[in-house]
Each structure stands twice: as C-alpha cells, then as structure tokens.
Amino acid sequence: MRDVSFLRPERRRSREPDAETAGDALGALLRRVARGDEQAFEALYDAVCGPVYGVVLRVLRDPAQSEEVTQEVLVEVWKQAPRYDAARGSARGWVLTVAHRRAVDRVRSAQASTDREDRVAARDTDRAFDVVSEEVEHRLEAEQVRRSLDVLTDLQRESVELAYYGGYTHRQVSEILGIPLGTVKTRLRDGLIRLRDEMGVVA
Amino acid sequence: MTILPPSGSRRSADDPDVRDLLAAHALDAVDDVERARVERLLRTDPDAAAESVSFAETASRLAVAAAAPPPAALRARVLDEVSRTRQAAPAAAAGDPERESRSASRRTVRLLAAACGVLLAGCLGLGALLLGDDDAQPSLVASGEFAGGTAALLEVDGDYVVVGEGVPDPPSGRVYQLWAVAGSADPVPAGFLEEADAGFVGELDGWEPGAVLGISEEPAGGSQQPTTEVLAHVET
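So the protein sequences, as listed, match chains L and A. Under numbering that gives the first Met the number 0, think of the first position of the first sequence as 0, with each following residue one higher. Under numbering that gives the first Met the number 0, think of the first position of the second sequence as 0, with each following residue one higher.
It is worth saying that the hints were derived from the structure and are not from the lab. Even for Gly, the Cβ is constructed at its ideal location relative to N, Cα and C. Wrong hints could be hidden among the right ones.
So the derived label-pair ranges between C-beta atoms look like this [what the hints assert, rightly or not]:
| hint | chain 1 | residue 1 | chain 2 | residue 2 | range |
| --- | --- | --- | --- | --- | --- |
| 1 | L | Lys78 | A | Ala47 | 42 to 52 Å |
| 2 | L | Gln38 | A | Ala87 | 11 to 21 Å |
| 3 | A | Pro89 | L | Gly177 | 23 to 33 Å |
| 4 | A | Val140 | L | Ala24 | 13 to 23 Å |
| 5 | L | Ala27 | A | Leu78 | 33 to 43 Å |
| 6 | L | Ala85 | A | Arg39 | 20 to 30 Å |
| 7 | A | Ala88 | L | Gly199 | 18 to 28 Å |
| 8 | L | Gly177 | A | Pro167 | 38 to 48 Å |
| 9 | A | Ala35 | L | Leu180 | 10 to 20 Å |
| 10 | A | Arg39 | L | Leu180 | 14 to 24 Å |
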C-alpha cells in the first residue's frame, strides 16, 4: 500500500546556506579535535550539545538518563574523532548519528528487562513537535525541519517519528500501527527521500 | 538431515530486499542482524553507501529539530572526562594494505564464505559436502541441536568453524557466544556466532579438539562466563 499523496508534485525550497557553512566550520573543528585539541572540543561541545541532548531526551524521555547518555556520546566523539571520515557524511551528521544510536541502544537494552508501554509512547509522539523548547539555539533550523516534515503525508510522518523519535524498530512500528512490515519500510523510505529532497540534503 | 534456509526475511546480500532497509537503517530502526546486513551492503556498493549517507544526513536534521539545552553542569563534567580520556588511533585509510591484513583476515573471510557455502549447499547434508570451486573442503566434526535448529562444528584446513542453521536471531542487543569446555574446567570464551547470509557462523578461537563446544546467548560484546543457560553442548 503506497501513500498516494506522495505522488503530488513537490514544493521546493532553496537550501538554507547557513547549514552548509556551519557544517564546514564543524568539520574543521572536528579535525582539530582529532589532533587532541581540547579547546576545539569545547567549541564543538557548544555547537552540538543542544541537538545531542535534545535527540537523546526525545528518545529516552528521562532527563537523568539522557544527561548520562549525552555525556557518553560526547566523550565518544572525543575518542573517535581521529577516525571520523568526512567521506561518510558531515561532522554534525556523524555526531548526531552516534547520539541517536546510543539513545536507541539504551532503550533497547532497557527494553530487554522492562517492557515499555508501546501504545502510550505511540500516542505521545502525536505531540512530538509541540514540545520543542523555545529556547533552543537551533531554533531557525529546527523550524525549517518542522516545515519540511509538513511535506510528508500523515502516515509517512507517523512512521518516521515513531522510528526516529520513538526509537522503535520497523518491526515494532508495524506492530504498533498494525500495518504490514513492507508498508512501514515503504513509508520510512518514501518519507526520508521526501524529507531529503525538501531539505536539499546532498550526499 | 534437512537443511532449511533460516526463518525470517534474511536473504543473501545480492537480494534487493536489503536495499529496502537503507532508510530504516539510517533511522536506527533495524535490529542488529539487519544492521549487519545493511553494513555489509554498504561496504561493497558505492551507490547504496551514497544513499545511506544522504539518509543519515536527513535523519540528523530530525535531531536538530529536537534540540534542547542540556543542564549547564554537564559541560564541565564532559570536559573533565575528556581531559582524562585517551583518543583512539586513526584508522588506516581505505585501500591501505595494512588495513586489509589487520581487519578480518582474508583467511577468515574465506572460511566464513566457505561455511556459508556449506549452508547454501542445502539438502546435501552437512556430513557430505563439497564446496565446488573453493579449495577449502570442510569436514563435519560434530553437530547438535541448538535453539530449535542445528549447530555444526566443521573443520576447514585445520581451523574450526561453527555453523548454526534454522536458528532464530538472538534478541536485539544479544549475541550467541561460543565456549570451549575442557573436562571439568570452567567454560572459556571461544568466539561468537555471527549472522551470515544463510544462517549463523563463527570461527572458533581457543577451542581444541576433545573439548565440548557450548553456545549461549549473551549481552552484546560477550561475557567472561556464560550468564544464561548454555543452549547447546556439542560433544566431540
């Protein structure tokens, strides 16, 4: 079952030039961090701690655990900086990939012992974008991302949010929504392609 | 003995199915086995790798949208820990011959491929296998029941490989760990069963003929001693 509305013609927005410049600056910082430059790490911390803490908190929901995981993530970034390979994505993308993965790992290892109430969490994600704090320093870009999410169909957005912010596997998403696995895969894929195009992400 | 393909959707790497997982992978919405499948594809397929990078960048924007200020005290704690933490050595550049020999050796890769070949050989039965054009010819040392499927211990050119077929994926965050049990001694870690194209496979490390082979399910990264019931005892 495909989301037919996906076939609507795309509205295109030009890419926010700041994102690119910021990405380059972060890449340069990360290269200094890779040489053991602690001052550069401080600047990197200030640049990424908001999104790192924010995404970890979104997935874990518990502030104390999120703080702990955020610390793990940033120390991991320091440790692994010499191995960062720019060919595999932007510096910020790399840091946030590490952050999200850590948060999800934490959820899944906790799930092994205590089962989360999936359906409650699923309902919560309906409000996912209402709780973004006003004081975020990434407000403008956050706003842009939220606008981009509007180009998704409701069904695509629901699956993408459950997967990314909910920290669920596509199998769990399919169980929560009561739809076939193949449909979830299609929604995630079409949704990400659409977001990518809307945000002007280039590989 | 009948050898069946493993349950679930796992298929060989040239199966286009794995491409359908690229988006889910970028969103971390895959289990460990699926992640291994995708990452294998990414190592060999530049187009898939490029698409994966673009998906990961897109997913990271979703993180930016969730940005929230962390507690102020966190900064000092992170900087303090960083000042006491040694950084990793840089990885050798891709294509660097040193890297090739340091990462999983060609031999290991060939062994694993050989063992996968064993599985794919299907109805021949594990005891009477030929690998066709590969020079390595495995022989069956022992086999036993494991997690509703079969675990087989094969010898290939003096190395020992364990193959699991018809075995369910371990739960997320868990792995199948191998143990060598010599006489009445405590089990010694002897490697892991890893997901392969058509089942599970692992090279035995520290197991000597005559010892019992044990397999248990452990937390990712493994344990020093089995922490769960040993699911298989393969006597040799």
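Evaluation of the provided hints:
1. L:Lys78 / A:Ala47: 42 to 52 Å: violated, 28 Å
2. L:Gln38 / A:Ala87: 11 to 21 Å: Since the Cβ atoms of Gln38 (chain L) and Ala87 (chain A) sit about 20 Å apart, the hinted range of 11 to 21 Å holds.
3. A:Pro89 / L:Gly177: 23 to 33 Å: Violated: the Cβ-Cβ distance is about 47 Å, outside 23 to 33 Å.
4. A:Val140 / L:Ala24: 13 to 23 Å: violated, 58 Å
5. L:Ala27 / A:Leu78: 33 to 43 Å: violated, 20 Å
6. L:Ala85 / A:Arg39: 20 to 30 Å: holds, 23 Å
7. A:Ala88 / L:Gly199: 18 to 28 Å: Violated, since Ala88 (chain A) and Gly199 (chain L) (Cβ atoms, about 36 Å apart) do not stay within the stated range.
8. L:Gly177 / A:Pro167: 38 to 48 Å: violated, 23 Å
9. A:Ala35 / L:Leu180: 10 to 20 Å: Given about 18 Å between the Cβ atoms, the range holds.
10. A:Arg39 / L:Leu180: 14 to 24 Å: Holds, since Arg39 (chain A) and Leu180 (chain L) (Cβ atoms, about 21 Å apart) stay within the stated range.
Hints 1, 3, 4, 5, 7, 8, counting from the list given before, are not met by this structure.
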